[in-house]
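Student: The numbering used here applies: residue 72 is where the sequence shown begins, and numbers increase by one.
Calculated directly from the structure, the hints in this document are not laboratory data.
Note that this is a predicted model, so its numbers are computed, not measured.
A portion of the hints provided could be inaccurate.
[As the list claims (entries may be wrong)] Have a look at the derived ranges for each label pair, beta carbon to beta carbon: (1) Val-128 x Ile-164: 50 to 56 Å; (2) Arg-151 x Ile-119: 42 to 48 Å; (3) Ala-130 x Arg-151: 21 to 27 Å; (4) Ala-122 x Pro-77: 39 to 45 Å; (5) Ile-119 x Ser-153: 36 to 42 Å; (6) Leu-111 x Thr-80: 44 to 50 Å; (7) Ser-141 x His-108: 50 to 56 Å.
A virtual CB, placed ideally from N, CA and C, is assigned to each residue, including glycine.
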Amino acid sequence: YKFGQPEITYYLASGHYSYLGRLFFPSLGMGNSRAIHFMLAALPTVGIWCAALGVSVMAFNLNGFNFQHSILDSQGHVIRTSADILNRANLGIQAMHSPNVHHFPLIIAGGEATPVSLDSAAVSTASS
């Protein structure tokens, strides 16, 4: 390299394009050096973010999201939402996949009665 030379000495994209193009498939080969430099900067950054997220998840003992809890009012009564209906349906699907399928009605009947739709619940409570 001579100071002030207009052409580049080494074309970074040529090595990456031919190597990645032959190693994986040609669409992964990056044709210009800007894309290569972007990936060389972005991939470690995303990896560090994912590692930090994993450390924080383990530090705070976050095992995942739990959507099984119902919404309660000030007296502790359940406010029925569509999520309650979906959770009840998921219990039915899980019961059908259990090895004791002949206990299916007992598992479903173990809790309190849940209306199938929110509209019918409003009609039944309004009429009584």
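Student: All the hints need checking, so say for each whether the structure fits it.
Tutor: Outcome of the hint check:
no. : hint                          : result
1   : Val-128 x Ile-164: 50 to 56 Å : violated, 28 Å
2   : Arg-151 x Ile-119: 42 to 48 Å : holds, 44 Å
3   : Ala-130 x Arg-151: 21 to 27 Å : violated, 36 Å
4   : Ala-122 x Pro-77: 39 to 45 Å  : holds, 42 Å
5   : Ile-119 x Ser-153: 36 to 42 Å : holds, 39 Å
6   : Leu-111 x Thr-80: 44 to 50 Å  : violated, 18 Å
7   : Ser-141 x His-108: 50 to 56 Å : holds, 52 Å
When the structure is compared with the earlier hints, violations turn up for hints 1, 3, 6 and for no others.
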